[in-house]
Amino acid sequence: MAEDAAAADLISGGRLQLGISRGSPETALRGSESFGYVPEEGATDADMARDHAAVFRAAIAGAGVAQANPQMTAANGLLAIQPQSPGLSDRIWWGAGTRATAVWTAEQGMNLMSSTLLTEDTGVPFDELQAEQITMFRDAWAKAGWEREPRVSVSRSILPLIDDETRRYFGLRAQADAHDQVGHLDGGLARFGRSFIGSPDQIVAELSKDAAVRDADTVLVTVPNQLGVDFNARILESIAKDIAPALG
Amino acid sequence: MTKRIGFLSFGHWQPVRGSQVRTGADALLQTIELAVAAEEVGVDGAYVRVHHFAPQLASPFPLLAAMGARTRTIELGTAVIDMRYENPSTWPRMRPPRT
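Protein chains in written order, with the working numbering: chain S, 128 to 375; chain X, 809 to 907.
Since the hints were made in silico from the structure, they are not lab data.
All values reported here derive from a predicted model rather than from experimental measurement.
Any given hint could be a false lead.
[What the hints assert, rightly or not] So the derived list for chain X, only partly shown, Cβ under 7 Å to chain S, looks like this:
no.	residue
1	816
2	817
3	831
4	834
5	842
6	864
7	873
8	883
9	893
[Stated by the list, open to error] Residues on chain S that point at chain X, a partial pick, calculated with CB under 8 Å:
no.	residue
10	139
11	345
12	350
[Unchecked claim] Between beta-carbon pairs, the in silico distance windows are:
no.	chain 1	residue 1	chain 2	residue 2	range
13	S	272	X	828	46 to 54 Å
14	X	822	S	341	41 to 49 Å
15	S	310	X	826	22 to 30 Å
16	X	861	S	291	33 to 41 Å
17	S	174	X	881	44 to 52 Å
18	S	197	X	822	51 to 59 Å
19	S	314	X	833	19 to 27 Å
20	X	881	S	341	21 to 29 Å
21	S	299	X	828	42 to 50 Å
We put the beta carbon where it would ideally sit given N, CA and C, even for glycine.
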């Protein structure tokens, strides 16, 4: 993975922003074991994901990870993976589903990615809970003494109604999905954020009130990809031109 | 500064009525095309989800490399890679202590 990431980053001229994490509930039971990754005795799959992340970050930062073979190279000691892509280490994000994990993310020096759901619920609206998560992340970042400014993203479902086709697909959902939902995920309470569906002006008005969007530097918009490239490009153009500039 | 906007695609495919994305090839190629189109309309980022054992995008690096080759400025990312499944280039003896 470290070689793949460095190569893709070099091909793109240093544009990778890699979000990593434990992953979400999935279709396979213990799926990673079929890839050869089995949690150690007494460790959880979340522990294993964090272990893998630590080694990955060390490898892309140039740490020696393999013993040099004196018959093949003049190098001594440990060899780093090649190629290295300078700066990639600062562009690693951790997907955090709770406030506690966001604090850990800051202590580790990774940027924060927060999605449209949190795997905890305190009864406050989703955007306020997520804004609290971001504040705790920024406080922990400052306390850790990292020199660079961290990036913070949140995900949102945003569907501007801009023509007959968008109204036909999403008009009816505008009412139904306009509220948070609280449900169960992996055996615990979780809070899911609402969707933003309406005219670009309505969406600007509602997103401006979203406390977590206000506190993030980046908003990731989930797209209905099965409706095709042209359709999604129209939605994205409206978001980039009619909505984003008004959010400040 | 203006908020950065990225799209996030799960890259679902399904051969059902109305779906423009019927195969894994469709999902991959259209994600590359959407990154190109998004850059043209002023979007700042193109991000892909990663899921295994499902008709959705899985192995992100070939896709990110191809997206990178077809675009110039847009950020390219994942949200997120499931680290349970990744070989991070590991040498067991240097594995850092768990924190």
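Tested hints:
Annotation: interface hint on residue 816(X) holds; nearest CB of chain S at approximately 4 Å, less than 7 Å. Because the smallest distance between the Cβ of residue 817(X) and any Cβ of chain S comes to about 5 Å, under 7 Å, the interface hint for this residue holds. Because the beta carbon of residue 831(X) sits about 12 Å from the nearest beta carbon in chain S, more than 7 Å, this interface hint is broken. With a least beta-carbon distance of about 9 Å to chain S, the hint placing residue 834(X) at the interface is violated under the 7 Å criterion.
At a threshold of 7 Å, the smallest CB-CB gap from residue 842(X) to chain S is about 5 Å, leaving the interface hint in force. Hint on residue 864(X) is violated. Least Cβ distance to chain S is approximately 9 Å, over the 7 Å limit. At about 4 Å, the closest approach between the beta carbon of residue 873(X) and any beta carbon in chain S falls short of 7 Å, and the interface hint on this residue holds. Restraint check, residue 883(X) versus chain S: the minimum CB separation of about 5 Å is within 7 Å; hint holds.
Interface hint status for residue 893(X): upheld, as the beta-carbon distance to the closest one in chain S is roughly 5 Å, under 7 Å. Because the smallest distance between the Cβ of residue 139(S) and any Cβ of chain X comes to about 3 Å, under 8 Å, the interface hint for this residue holds. Below 8 Å, beta-carbon pairs count as interface contacts, and residue 345(S) has one with chain X at about 4 Å; its hint therefore holds. Checking residue 350(S) against chain X: minimum C-beta separation of about 5 Å stays under 8 Å; hint holds.
At roughly 49 Å, the beta carbons of residue 272(S) and residue 828(X) sit within the given window of 46 to 54 Å. The hint said 41 to 49 Å for the Cβ distance between residue 822(X) and residue 341(S), and at roughly 36 Å that hint is violated. Taking the beta carbon of each, residue 310(S) and residue 826(X) are about 27 Å apart, inside 22 to 30 Å as hinted. A hinted range of 33 to 41 Å for the beta carbons of residue 861(X) and residue 291(S) is consistent with their spacing of about 38 Å.
A C-beta distance of roughly 38 Å is found between residue 174(S) and residue 881(X), which places it outside the suggested range of 44 to 52 Å. The hinted range of 51 to 59 Å is satisfied by residue 197(S) and residue 822(X), whose Cβ atoms lie roughly 55 Å apart. At roughly 37 Å, the beta-carbon separation of residue 314(S) and residue 833(X) lies outside the given 19 to 27 Å, and the hint is violated. At roughly 26 Å, the beta-carbon separation of residue 881(X) and residue 341(S) lies within the given 21 to 29 Å, and the hint holds.
The hinted window of 42 to 50 Å between residue 299(S) and residue 828(X) is violated, with their beta carbons roughly 21 Å apart.
Violated hints, in rising order: 3, 4, 6, 14, 17, 19 and 21; the structure is consistent with all others.
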